[in-house]
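Participant: Chains A and B are the protein sequences, given in the same order.
For the first sequence, the positions run 1 to 486 when my numbering is used.
For the second sequence, the positions run 487 to 820 when my numbering is used.
Don't read these hints as lab results, they were simulated from the structure.
Fair warning: there could be bad hints in the mix.
On the chain B side, residues computed to face chain A include the following (Cβ under 8 angstroms) [unchecked claim]:
| no. | residue |
| --- | --- |
| 1 | Leu-515 |
| 2 | Gly-518 |
| 3 | Glu-527 |
| 4 | Ala-529 |
| 5 | Asp-615 |
| 6 | Ile-635 |
| 7 | Ile-638 |
| 8 | Leu-639 |
| 9 | Gly-652 |
| 10 | Ala-768 |
Stretch-level coverage of chain A by chain B, calculated; a stretch enters the list once three of its residues show a Cβ under 8 angstroms from a Cβ in chain B [claimed, not checked]:
| no. | segment |
| --- | --- |
| 11 | 20-31 |
| 12 | 107-113 |
| 13 | 177-191 |
| 14 | 200-208 |
| 15 | 361-374 |
Glycine residues also receive a C-beta, built at the ideal position from the N, C-alpha and C atoms.
One-letter residues, chain by chain:
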Amino acid sequence: MGATASAETRLTLGITSNLSTVNPYGDSASHLYGLWGEVYGNLCRYSFEKGGYVGHLAEKWEVKDENTWIFHLKKGMKFHNGTELTAKDVVHSFFRMSKDPESSQKQNSSRKIKSVEAVDDYTVRMISHKPTSSLLSYICGLWAISSKDVYDKYGAKEADKNHPYGAGPYRLKEFVIGNRLVLEKAEGSPFLRPGSPDIVIVRKMTESEQRVTALLNGEIQIAQFIPPHLLTRIEKSKSARLVPTSSVEIMFLAMNPAMKPWDNQKVRQAVCHAINREGIVKALLKGQAQLLQGPIGPGQYAYNPDHKPVYDYNPEKAKKLLAEAGYPDGVEVDLYTPVARYVNDKQITQAMVPMLGAVGIKTKLHTPEWVTQWANVRKGKVPFFYQGRGSVIDPGPALSQYFETGVSPRINFSSAEYDKLMQAERAAFDEQKRIATLRQAMSVLTEEAPACFMWTHTLQYGVANKVDYQPRPDGRPYMSEATMKN
Amino acid sequence: MLTYTVKRVVGTVPVLLLITLLVFGLLQLAPGDPADILLPEEATHEDIAEARARWGLDKPFHEQYLTFLASAVQGDFGESFRYKESVTELLVQRFPATLELTFFATLFAVLIGVPLGVWAGARPNSWVDNFGSVFGFFGISMPSFWMGIMLILVVSGYFNLLPSAGRETYGVAGATITGFYTVDSLIEGNWKGFVDALSYIVMPAATLGVNMLGILMRVTRSAILDVTHEEFVTTARAKGLSGQVVLWRHIVRNALITIITVVGLELGTLLSGSIIVETVFAWPGIGNLLINGLGTRDYPLITGVVLAYTVLFVTVNFLIDISYGAIDPRIRFD
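Take the sequences, apply the hints, and build the full model.
Facilitator: Printed below as a string of C-alpha cells:
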C-alpha cells in the first residue's frame, strides 16, 4: 500500500494518541504540535542532531535585552494559497494562541510573552513578562503560524476546517476527528526532502497488537510505540525493523513533603536507595530504558555527563536512613500509579512494593483510573506516586513547574536554595552560565529528593524497510523527515 | 396501530429523561474533572476555573441539567469539550458506522445462528445438534475483545487476508450518500469500494455478532423443539404434509416470535458490545467516540452518545414489537 499505480508514494503512520481537533491551537498534545507544524510551519524547532534550536520559518533571532526578543523571518515563505507569510501572521498566531477561547496552548506556549508586534514585514518583536532565558522552549516546535488574511476572511472555525493554509511542507487534505488525518505534499516547499512521501495518512490505532499487525502486513509503514512484549514480532520480520529513540519523558516517583513521612528528607532518600532500578529495567522493561542519575538524561539540555550516581541500590543504607529519620520499626505508606498510561506502570510499581517493604517501608499500592489520579495530583492530594513528565528538552520549565515553591501544588516541595537557583537560571542569558546554574539546581533537587528520578524510556518504532525514518525523542511526527526508498 | 405507535413514542419520553438524569448524575459523581484532564500540564488554578466556567461546570447540578435539556429537545447536545465540535454533528458523522457494523453483525448472527438452530432442533441429539451446541457455546463464551484480537492476529497477521483496523482504504470509497460505505459504493457502482468496505467490516462484524449467534442458535433450537411437540404439528404430519413443509411452514413460523424477541433483546447487548469492538478494530463509530469521551470526562459527548444508544435501542425494540403483528396475525395492537 506504499505506492499506487501512478507512483504516488503514500506513508501511513499508526499513532496511539487522539486526533482531537482541526483547530491548530486547540490541543497541546506533542503529536499534534508536530502535525500542525508540518501543515502550518513553526518559527523554529529543536534539532536533536545539533543539540539546539534551529530556524524553520524564522531565519534567526536575537535577544535585544532580557525581555526583548527579535525574530527575523525568512523571505519568500508562502502559504498554501500562494500568499506570502509575513510578520503580521506571527502576530495573529500569537493572538489566536493567547485569546482563542478554544486554545489549549495559551497555558504553555504564549503565557510568558507580554506582547508580539510586527516591526516590518519580516521582523517580529516579542516582549516577555519577565526575563526568561528559556523562552525558545515556549515557542520552537509549538507555535503554528497561520494566515491572518484567511482568518479575517473566514473566521476561526471556517478557516481551520475548510481553508487550513499553512506554510509547512504538507497541506491538510482531510481531518476525521478521532480517526484519521491526511496530508498532501505542498510541492515546492523548501522543507521537503527528496523522497518525502506524497501523501501522509495518520491513523489512530490505540491497540499495540493492531499497530504491529498492520505494520507487518503493509497497512501502515510506521507504527508508534511498540511495547517490550511485541518487539520480537518486528525483529523477526523481513519487511520491517525496529528504530529506537530515547525519550524526553522523565519517569519519577514523587513524594509530597506536605504529608508524613515525606516531610523527612531521609525517608525520601531511603526510597531512592531501596528500589532496584537496574532489576526493573532488565526484567520489566526488557532493557528499554536508560537510568537517570538526576532529573534528566543524555540528550536533554544541560545534562551533566560527569554527574556521579547518588542513589545506588542499597537496601542496608535505606534501612539506616529510615532509622535515622525516626522510623526504626518501619513506616506504612500508600503508593499510587495509573494503569496502562506508561509502559508497564502497574507491574513496575508492583515490583517496587516488596523492594520498599524489604527496607521497612510497608507500601499499599493503589491503581486509580488516570483521570482520577491526575486530578488529585494537580491538587497536591497524592502523597506518593509514579509519574512521567514529557517534552522535557530544556528542563527549566518542567522542573520549575513541579519543584519550585508555589508554582504548582503537585508535589508541594519547597527549597529556598533551589528556588534561588531556578530564578537565576531564568535570568541567565549567557548559555554557559545558565547551564551551570541549571546543573546546580538539579544537584540540589537530587540531594533533597522530593522525587526519585527513575529512567527515560527507549521508544521503539516499527518502520517498514522501504522507509527511512528516525523518530524524534519528543514524539513530534515530522513526516517531511521521512523518505521513501525506491 | 397509530394509537399504539403514539403511545409507544410518548412512553419513550420518560425513559430518555431518566437516562439523561442518570448519566448526568453519574458523571457528577465520577471522580476526575474535565478541566483537570483536558487542560495542559502548565494550566494554573485560574485556567481551570476559567475552563469550568466556560463549560458551565461551575453552575449547580440542576441548572446544568436543565440547560442541557432545553438544548437537547432542539437537537443540540452542546459542544464536545475535547473535540470542540457540536456533539450532534459528531453523532451524525459517526452514527452510520455503528449502524452499519451492528447491521452486519446481526446479519452474520441471524444467517448462521437461525439455520443452525433449526437444523439442530429438527434433528435432536444428532451430530448436527452436537456440532451446533458446541458452536453455540463457543459463541456465547467468547469475550469479544479476545476474539477481536485473535482475529487480527490470525486473519490479518498470519494469513494477511483482511485489513486489521479502520473502515476503508483512503481514496477508495466514493462520496458519502447514506454513510453506509457498502451501500454508498453500490449506489455509485464502485465495486472496488464495495469490496474494500466489506473487507474492513467482516472481522468486526463477526466479532460483534458471534455472541448473538451462539444465543440465537441455542434459542432457536429449543423453540423448534418446543413447537415440534405441539398438537398442530402432529395434525399437520397426520394430514400427510412433507417433513420440510411442516418444519418451515408450521414449526419455524411459530418459533419465530421467540427468535425475534431474542434478536430484539440481544440487539441491546450487541450495541453495548460495539463499544469494545469499535475500540479493538479502530472502527470510527459512536462506541469509539464514547470511550474517548469517558477517558476525558467529556460530559456533553458522553451524554449525547448514551442518548443515541438509548434511542437506537428503544427504536429497535419498537420495530420488533411491530413485527410481531406481521408474523402472527392473532396479535393486534389496538
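Participant: Return the numbers of the hints above that this structure violates; sort them in rising order.
Facilitator: Numbers 1, 5 - these are the hints that the structure violates, sorted from lowest upward.
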